[in-house]
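Residue numbers (the numbering used here), protein chains in the order written: chain D, 28 to 244; chain H, 124 to 712.
Hints are not guaranteed to be accurate.
As the list claims (entries may be wrong) - So the derived label-pair ranges between C-beta atoms look like this:
hint, chain 1, residue 1, chain 2, residue 2, range
1, H, 643, D, 70, 40 to 46 Å
2, H, 468, D, 242, 36 to 42 Å
3, D, 92, H, 570, 32 to 38 Å
Quick caveat, the hints were computed from the structure, so don't treat them as lab data.
Keep in mind the model is a prediction, meaning the values are calculated, not measured.
Backbone N, C-alpha and C fix where the C-beta goes; we use that ideal spot for every residue, glycine too.
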Amino acid sequence: MPGNVATETLQLNGAGGGADGGAPSGNGGQGSGPSGAASVPQRTYVTGMTIALAGILMFFAALVSAYVVRRGFPNSDWQALEVPRILWLNTLILLASSFALARSRRRLLAGDDDGFRHWWGVTAILGLFFLAGQLVAWRQLVVSGVYLATNPSSSFFYVFTGAHGLHLLGGIIGLLAVAFRPLLRLARSTAVDVVSMYWHFMDGLWLFLFVFLLVGS
Amino acid sequence: MSASAQVGAEAPKGFLRRYIFSTDHKVIGLQYLFLALVAVTLGIVLSLLMRFHLVWPAAHLPFVSGGIMTPEQYLALVTMHGTIMVFFVLTTAPQSAFGNYFLPIQIGAPDMAFPRLNMLSFWLTLAAFVCMVAAFMVPGGAPISGWTAYPPLSGLGDVTGPGEGIGQTMWIVSILLFCFGSLLGSINFISTTIDMRAPGLTLMRMPLTVWAWFVTAILSLLAFGVLLAGGILLFLDRSAGTSFFLPAGLVVNGELQVRAGGSPLLWQHLFWFFGHPEVYIAILPGMGVASHVLANFSRKPVFGYRAMVFALGAIGFLGFLVWGHHMFVSGMNPYSSLTFSVLTMSIGVPSAIKTFNWLGTLWGGKIQFHPPMLFAIGFVSFFVTGGLSGIFLAQPAVDTMLHATYYVVAHFHIVMGVAAIFGIFTAAYYWYPKMFGRMMDETLGKLHFWLTFAGSYCIFMPMHFVGIEGGVRRYADSSGATYLGALQPLHHFMTIAAFATAAAQLIFFYNFFWSLKRGRKAPANPWSATTLEWVTASPPPVDNFDGRFPSVYRGPYDYSVPGASQDFLPQNVPPEEGALANQEASNAR
Numbered sequence: 028m029p030g031n032v033a034t035e036t037l038q039l040n041g042a043g044g045g046a047d048g049g050a051p052s053g054n055g056g057q058g059s060g061p062s063g064a065a066s067v068p069q070r071t072y073v074t075g076m077t078i079a080l081a082g083i084l085m086f087f088a089a090l091v092s093a094y095v096v097r098r099g100f101p102n103s104d105w106q107a108l109e110v111p112r113i114l115w116l117n118t119l120i121l122l123a124s125s126f127a128l129a130r131s132r133r134r135l136l137a138g139d140d141d142g143f144r145h146w147w148g149v150t151a152i153l154g155l156f157f158l159a160g161q162l163v164a165w166r167q168l169v170v171s172g173v174y175l176a177t178n179p180s181s182s183f184f185y186v187f188t189g190a191h192g193l194h195l196l197g198g199i200i201g202l203l204a205v206a207f208r209p210l211l212r213l214a215r216s217t218a219v220d221v222v223s224m225y226w227h228f229m230d231g232l233w234l235f236l237f238v239f240l241l242v243g244s
Numbered sequence: 124m125s126a127s128a129q130v131g132a133e134a135p136k137g138f139l140r141r142y143i144f145s146t147d148h149k150v151i152g153l154q155y156l157f158l159a160l161v162a163v164t165l166g167i168v169l170s171l172l173m174r175f176h177l178v179w180p181a182a183h184l185p186f187v188s189g190g191i192m193t194p195e196q197y198l199a200l201v202t203m204h205g206t207i208m209v210f211f212v213l214t215t216a217p218q219s220a221f222g223n224y225f226l227p228i229q230i231g232a233p234d235m236a237f238p239r240l241n242m243l244s245f246w247l248t249l250a251a252f253v254c255m256v257a258a259f260m261v262p263g264g265a266p267i268s269g270w271t272a273y274p275p276l277s278g279l280g281d282v283t284g285p286g287e288g289i290g291q292t293m294w295i296v297s298i299l300l301f302c303f304g305s306l307l308g309s310i311n312f313i314s315t316t317i318d319m320r321a322p323g324l325t326l327m328r329m330p331l332t333v334w335a336w337f338v339t340a341i342l343s344l345l346a347f348g349v350l351l352a353g354g355i356l357l358f359l360d361r362s363a364g365t366s367f368f369l370p371a372g373l374v375v376n377g378e379l380q381v382r383a384g385g386s387p388l389l390w391q392h393l394f395w396f397f398g399h400p401e402v403y404i405a406i407l408p409g410m411g412v413a414s415h416v417l418a419n420f421s422r423k424p425v426f427g428y429r430a431m432v433f434a435l436g437a438i439g440f441l442g443f444l445v446w447g448h449h450m451f452v453s454g455m456n457p458y459s460s461l462t463f464s465v466l467t468m469s470i471g472v473p474s475a476i477k478t479f480n481w482l483g484t485l486w487g488g489k490i491q492f493h494p495p496m497l498f499a500i501g502f503v504s505f506f507v508t509g510g511l512s513g514i515f516l517a518q519p520a521v522d523t524m525l526h527a528t529y530y531v532v533a534h535f536h537i538v539m540g541v542a543a544i545f546g547i548f549t550a551a552y553y554w555y556p557k558m559f560g561r562m563m564d565e566t567l568g569k570l571h572f573w574l575t576f577a578g579s580y581c582i583f584m585p586m587h588f589v590g591i592e593g594g595v596r597r598y599a600d601s602s603g604a605t606y607l608g609a610l611q612p613l614h615h616f617m618t619i620a621a622f623a624t625a626a627a628q629l630i631f632f633y634n635f636f637w638s639l640k641r642g643r644k645a646p647a648n649p650w651s652a653t654t655l656e657w658v659t660a661s662p663p664p665v666d667n668f669d670g671r672f673p674s675v676y677r678g679p680y681d682y683s684v685p686g687a688s689q690d691f692l693p694q695n696v697p698p699e700e701g702a703l704a705n706q707e708a709s710n711a712r
């Protein structure tokens with residue numbers, strides 16, 4: 028549903044150099060997408076993503092604190108979970124994807140569009156490999172008879188990996204959107220920044236969760 | 124101004140895009156407002172049914188299957204009344220409805236930062252509401268575990284009672300949807316406040332309403348993610364057989380439950396880590412609106428503006444450190460109780476700062492008793508009354524005795540329910556002319572105020588005494604117990620007061636809908652107010668300012684400035700024109 032929405036076609040006086048010192052829109056012509064001038068300064072998307080990540084952090088902090096509390100019960104029936112080996116490989120793949128993404132952004136800044144697209148694609152593919160690896164880990168657990176409800180340790184394992192996997196899937200959709208879809212109000216550089224923030228955050232979040240899973244096993 | 128080239132923006136053509144699937148923050152604000160009006164009507168009806176049952180437990184009710192209400196049906200009313208009021212009225216109306224409508228206008232922006240996200244927030248909230256209400260109509264009916272949904276009652280499915288099957292599942296799904304809607308909404312509110320302010324509108328020039336919505340949005344952002352996590356774990360406990368919150372060895376109705384050592388206390392921690400900030404999500408916008416309106420109708424600047432801002436922030440921050448005071452009787456470590464108790468009482472400090480500053484604002488003012496002013500004063504009254512009983516309850520020794528009694532019901536209804544509702548009424552009467560371009564009837568407004576003010580005290584003051592005498596809350600019928608039977612006359616009185624107060628709300632509804640068509644036409648600035656929503660037309664054009672976006676030169680409450688030619692200076696009046704403000708004001712449409 029590209030752009031017949033009122034707010035997208037509307038312009039603040041600042042874009043034309045308003046006499047009263049410029050309205051909140053600070054993007055000049057940079058943000059003009061296919062649907063006309065942007066009404067929102069590009070930095071707002073970065074602000075929005077920062078805030079969204081704070082919310083996501085609280086969500087995972089709640090899960091992790093539940094995990095810590097649950098594991099700390101005296102005389103509990105907690106049975107240590109053997110973390111599937113493939114998780115180490117998955118972790119390496121996800122780390123590599125972050126490096127690929129950083130490289131892609133540098134290519135974009137250097138004006139090398141092909142290089143940008145190449146490394147951007149590599150990031151998405153590595154992300155897909157990571158998700159496939161996580162599914163393999165789940166499969167291995169299921170084969171050895173460890174299900175969601177088997178033990179608190181396995182419940183938390185599935186919840187952590189599942190919640191993180193869904194978030195990462197969102198990141199992959201973001202990567203693909205930037206690669207294939209015409210952007211409405213975002214300048215491409217902003218879109219790249221925002222998706223990169225999200226992706227690196229998911230990478231770091233995984234390391235954090237992985238450490239907890241290892242400590243718990 | 125360069126804006127002359129780009130005058131305003133066209134509203135989208137077609138009824139659907141303009142009024143239903145709109146991305147205009149004003150339309151979305153009104154959608155939230157009408158959702159809250161529907162929800163509050165339903166919530167009031169549920170509470171009246173409860174009050175009726177408490178006094179006439181053996182009465183035959185036409186719409187209750189079997190004629191006489193069962194205790195489980197009463198608990199379903201308790202649950203649904205609480206849930207609908209807390210989420211779909213007290214969270215939805217002050218923040219999502221009025222915040223959505225007025226935050227962008229008050230900061231001089233054309234819309235929220237992310238309009239389509241805004242629309243999505245509303246539709247998620249509406250879906251949540253539909254899902255919640257539908258829980259009445261599924262086999263087993265609505266859940267019976269209260270708005271706090273404590274496990275094990277809420278975690279085991281229909282073995283624990285009617286409504287704990289599909290009804291409770293729908294309750295959780297609804298809450299999860301609501302979490303998503305609120306999280307997206309808070310991202311929008313915060314981004315908009317940070318990045319979309321008019322030139323010259325520094326943080327310390329923002330109206331206190333904007334500050335309140337901003338702090339509230341931060342609370343929503345940090346709190347709803349935790350409820351989301353807890354809700355997902357509870358959902359898994361119910362549907363996937365996990366044991367996050369379910370202990371081993373549970374025997375329910377003679378059946379041993381096959382679960383392993385989870386902890387119901389864990390749910391209480393997760394829930395109240397959200398639940399206490401949620402109380403402030405309900406009340407902070409009311410504080411902002413009350414400050415705003417008190418200054419307007421006292422014709423004085425807000426007393427101690429900076430202190431008000433810092434007190435808002437302090438209340439918001441401390442709100443995250445006190446959730447344990449809901450759990451004094453849960454078997455928590457007494458040392459934790461002590462910590463939570465001290466932190467809770469420390470909230471009295473910023474609350475007192477706010478209260479005294481409200482009084483300081485009134486002091487020596489040329490007070491105009493319009494309906495919004497009356498409701499703002501009423502807000503202060505109920506906030507103080509409810510806040511004081513909160514200090515009693517903050518002490519574990521006192522709370523242990525009072526926790527399961529009507530005293531707690533009275534406390535939170537006054538401070539979170541009635542005070543917040545008075546904040547909503549303040550906003551409704553104050554901004555009605557701006558939203559609909561018509562004035563509400565003053566006489567009806569004053570009548571509505573006095574009946575609601577007196578009625579609310581008549582309902583909830585006696586409730587304290589019932590609680591102190593040991594009247595147990597959540598009992599469907601306490602008339603049989605000898606020591607509680609003596610309290611029945613008080614219950615009679617409260618029930619009659621409840622019906623009378625509910626009837627008084629019909630005045631508001633009549634005034635609201637009558638004035639839409641018949642009210643006197645509202646000028647742009649009927650209250651001679653200073654903030655940016657009053658420099659634009661009533662109702663505001665699609666982009667809020669018709670292309671002429673204001674710059675801000677002064678603080679939000681320049682009332683009765685010495686030397687100025689009139690007793691208010693709108694925020695967009697440049698300093699050198701202060702003296703010519705009369706002319707400026709008549710030029711502003």
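*Could you see if the CB distance from residue 468 of chain H to residue 242 of chain D stays within 36 to 42 Å?*
About 37 Å separates the Cβ atoms of residue 468 of chain H and residue 242 of chain D, which means 36 to 42 Å holds.
*Is the distance from the Cβ of residue 92 of chain D to the Cβ of residue 570 of chain H consistent with 32 to 38 Å?*
For residue 92 of chain D and residue 570 of chain H the Cβ distance comes to about 51 Å; the hint is violated.
_residue 70 of chain D and residue 643 of chain H - C-beta distance against the hinted 40 to 46 Å_ = holds (44 Å)
Violated hints amount to a single one, hint 3; each of the other numbered hints is respected by the structure.
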